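Listed in order, the protein sequences are those of chains A and B.
Just so we're aligned, residue 1 is where the first sequence starts under the numbering used here, counting upward by one.
Just so we're aligned, residue 1 is where the second sequence starts under the numbering used here, counting upward by one.
The set of hints was computed from the structure by calculation and includes no laboratory data.
Please read these numbers as outputs of a predicted model, since none were measured by experiment.
All the given hints hold, so there is nothing to weed out.
Since the list can't tell identical chains apart, any single copy or any two copies may satisfy a pair.
Each computed DMTMM-like pair below joins lysine to aspartate or glutamate, with the alpha-carbon atoms no more than 20 Å apart:
| id | residue 1 | residue 2 |
| --- | --- | --- |
| 1 | LYS526 | GLU498 |
| 2 | LYS523 | GLU544 |
| 3 | LYS572 | GLU551 |
| 4 | LYS627 | GLU615 |
| 5 | LYS627 | GLU607 |
| 6 | LYS526 | ASP599 |
There are 2 protein chains.
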Amino acid sequence: MSGTGRALKRLVVGRAMRSDKLGDTLLPKKLALPIFASDALSSVAYAPDEILLTLGLAGGSFAFTHSWQITLGVVCVMAVVVASYRQNVHAYPSGGGDYEVATTNLGPKAGLTVASALLVDYTLTVAVSISSGVQNAASALPAIHGHEVIVAVFLIIGLTAMNLRGVRESGSFFAIPVYLFMLGVIALAIVGTIRKLTGDLPLAESAKFTLAPQPHMDTLGQVALVFLLLRAFSSGCAALTGVEAISNGVPAFKKPKSKNAATTLLLMGSLSVVMLVSIVTLANWTGIHIQDPDHPGNLLLNGKPVAHYNEDTVLGQLSHAVFHGFPPGVIFLAIVTGVILVLAANTAFNGFPVLASILARDGWLPRQLHTRGDRLAYSNGILILAGMAMLLVIVYGAEPTRLIQLYIVGVFVSFTTSQIGMIRHWNRNLRAENPPISPARMKRARVINAVGAVMSGTVLAVVLLTKFTHGAGYAVAAMVVLFALMVQIRRHYTRVSEELQLAESADDQLLPSRVHAIVLVSKLHKPAMRALAYARATRPSVLEAVTVDVEPEETQALQEEWERREIPVTLKIIASPYREITRPIIKYVKTIRRDSPRDVVMVYIPEYVVGHWYEQLLHNQSALRLKSRLLFTPGVLVASVPWQLRSSQGHEQDYDGPRPGSVRRGR
Amino acid sequence: MSGTGRALKRLVVGRAMRSDKLGDTLLPKKLALPIFASDALSSVAYAPDEILLTLGLAGGSFAFTHSWQITLGVVCVMAVVVASYRQNVHAYPSGGGDYEVATTNLGPKAGLTVASALLVDYTLTVAVSISSGVQNAASALPAIHGHEVIVAVFLIIGLTAMNLRGVRESGSFFAIPVYLFMLGVIALAIVGTIRKLTGDLPLAESAKFTLAPQPHMDTLGQVALVFLLLRAFSSGCAALTGVEAISNGVPAFKKPKSKNAATTLLLMGSLSVVMLVSIVTLANWTGIHIQDPDHPGNLLLNGKPVAHYNEDTVLGQLSHAVFHGFPPGVIFLAIVTGVILVLAANTAFNGFPVLASILARDGWLPRQLHTRGDRLAYSNGILILAGMAMLLVIVYGAEPTRLIQLYIVGVFVSFTTSQIGMIRHWNRNLRAENPPISPARMKRARVINAVGAVMSGTVLAVVLLTKFTHGAGYAVAAMVVLFALMVQIRRHYTRVSEELQLAESADDQLLPSRVHAIVLVSKLHKPAMRALAYARATRPSVLEAVTVDVEPEETQALQEEWERREIPVTLKIIASPYREITRPIIKYVKTIRRDSPRDVVMVYIPEYVVGHWYEQLLHNQSALRLKSRLLFTPGVLVASVPWQLRSSQGHEQDYDGPRPGSVRRGR
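Okay, chain A solo, but in the shape it has when bound:
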């Protein structure tokens, strides 16, 4: 059992690794690009779908005539945001990202707002990317249709195991699929363009349909159409998620860090734009129709509604059309799309614990999340993230369209706050005596960040306006709850730290006069004998063994054996009329304290050390309860005397591999 258990654990969590294997490798641009860009690039797998299906609600050819406008809008925002973050990267090479920028320039409340927004968004990144990955995979593997939720949940479990195991992101395992995805999409664009030019491009599967407008759409007129355009634009802005990742990871780049990071950011933005524009163009050429899964039945074939139709993603339909007659191309693109989306989800598994650790350092989250070296700190973060993401996937049926309504609020809260912070940063630096860079450059940077702030603030307003009731409200509520929780945690820590402040006088160094030692004994076995031996070794002023008389026969047997073995310590028997253990001992300890208040009472408790958690349920429970009660009594010290059971052997090792996010942080 124990052997099997260990083998199973090794399979899931992996062989323990030496920490010096970690090294301090820094990332060259060719590795940094795939690691930081998987989130941003992968969004072209779902952003075009969102644009087309939202516009499709108006029916007819509305999507064809307007998708270009929307795409252009998204490209503009992308350009502005990338330009803005290039300023951040230069100004804050320490990698604190938006949280640091906001905290430093706008104060802790602003920083906390960014942090809440990002924590919520990390969770959504996992849910959206995995759901979209499953949907994309379904276009090549139709067997997945109808089982999306289960497949998505299993993928999240797999990612969780991988991150608990501590896989390093910097390997080719992470870089190759990203390059293959770029290759696939660019090949799709080139082949599609050539076939279009030669008049050989087939129509997409959904081109045969027409889209009926939603019942109320045609009556609402211009205002409704503008609102629809804004909603489509909001959804399309999902392409921008992940842009901030590089600004968190500057320390991981090879020198010159800031310059390399800025270049990588520009490269990533350009790639995103090229891919997004290509896909939307191809979608128009091939006549793709996408209907909102929440408003089914407006897909018409020869004027009649289509009852049942498994809608493929835009990328899936495109590859079927463009690579028509070349199935390997279709399968290749579906696989790399699925893989890059899973990698995008993985970025959240890296970002979430790192951000949590920074927040814990600043006292906003439980301090335990800060301890970098400790696996458990990261495990907790990973498990919380995975649990929340799974809940979202289950509640929203692994439907990317529904999840995207909650998404990007967080990112744009973070963008906007950070860009406002940057304006402050430049203002302050312009007032400084000896600025590190020329005022002209700073003023130019300030203009860029100001444009970025206005742009991302506008997008945020549009997103909130068009999507609040569609789901974004829940995301905002989650952020508010997180914000309030973190404020409470910090308040608690501050209160405790004030309570524990030492006075300047030396009062606190008063020594207790004597030590009264008590060894708790229930049976005469090896752990009890060890506890007795250790207690005697400490040579206390008073030493006695204490047993509680719960079962008279057992107590008598204990007493007889005690005398037979001539143990040189008095055995005191405490009566327990109600057969309790804890209360009589507490009472006895309190009596000692009352009789000699200057004494310390040291209670020795023999404890079993076991190898498995379920064994823990079978032992030490009374000891644990007793201990937690004893600690409430002032002047009492509780000493655990461990007895290592055979099953504990081989279980003392702790895991020591790479931590999620270690590659991105460059340490």
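Given chain A, work out where chain B should sit, using these hints.
Just chain B now, with coordinates in the frame of chain A:
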């Protein structure tokens, strides 16, 4: 917050009670009957329904012509079982019940079989009784229709809170509803009979329907009908659950205990029989039709299937008919039926922890469940029972008919095993030199128990045969799993106890030579100063303060303050290149042990004592992890030095009221 929390806790769990308030009151028969009989008597609220609806599957008037035969069969079994248990009560006045009888006479495996069966059945008692209570209440409160599951779950939560609170069963709160229920059913029988004799008895609501046979029923012929009769009989035997309760509770009776218990048992059996027969007779007179909720649509009105019909229980329909023109009678019976069914569920809340405690005493369950005085031991049992029962209620939609398919297997396993054990008991006593009672009486008792064994064995076989695929299989599977689990637990305890056995030589009393004390310090605050003071008071051979250098600035600040305050203990700084806490300390401790293996290393850890569990999440986590790792290292002692934070005040009190089952056990 803390004040509100405490007020809330008091509301749910109640004000703490002194244990001497418990007293040692023993039960007179007039209190014992309602306390022990609520389970058995309440089953007449669902047993007739099960008989009629199972027979109803054959359609037509099959239920009318055969319900009498089935009822007669159930009455016979009841008579035999009651007669058998009267022998048990005389032979085993200690109240160990079937578990004791089986263990003593047939060995531990038989006892464990009975125990597994009873634990499963206690869970089902809660689920079935609550579900039936809700169904019965719905006949007077139609608003409940459609919300049965939620109402049932809330009732279970209420019972759980009541039992965690420690309500004594012996009060009038428990006795009065049972007497009112008897009164109600007997009034129903008398009024019904008078109205029948005067030709004034109205028909039941469902008398207007006819029952279509199940599609396959008319073609299967005699064999299928016999099988149906047997299934109806199995379901009707649900009336027998709870008969064994008195045999577990003999010590709670006033003297002469066994005689009083036997009389109460006879009284209970007679009452059950009278009520069951009355209800079935009235059901035939008023023409009640009940359809199986799992086979809807065979209820016909004028030859056409009835689409939607909220079927009331037999008792509900009867009271509507018999008390026609007298609504208070209807409402009264519905209320007392609901209440007695909740009390029946409450018996399981009393029986489960008591049985678990006996099993824990014998090493089959975690030892912590045995400690009688400790509230947590019972709380765990109560919470497990409530959780399992809620799960059953949710999975089976609070539908008594579906739950009853799983029920009574356990009871009849227990009946049969116990009666076989009793035969052995008399055989052994007949061989004894000076038997306490006359051989003639023993032989007569042996005959009664033998008939009981054959009868309950036959019922068990019938139940398994007719219901295994309908759900009884799950109950059997649960018993097998429980059985295996308990065997494993006992095996573990035996193994550990062998491992801990002291040798006869005095080797174990070797004293360590010196004590090397280490005080872990992260900051110079009050808890650290207290830990230092206590450690100094124990006057160890070597004393040093140790800090791990995780953040160089903090370490330096600590070192400076250390010197400024002139603390007379060396501060040792341990390097931690990977910013860990646990590993460097473990390594350091191991070095000390290697250098002087005869020393004990005593590690003093300052710990915060907090008042709320959520504060616990914010503190001590590194200390806890460190401690659990340190305990794996031989020769190490861990001393927790508590610092009581202000929030801990007022939270050290533990609850001390009556425990579930204390009244039944007579202690």
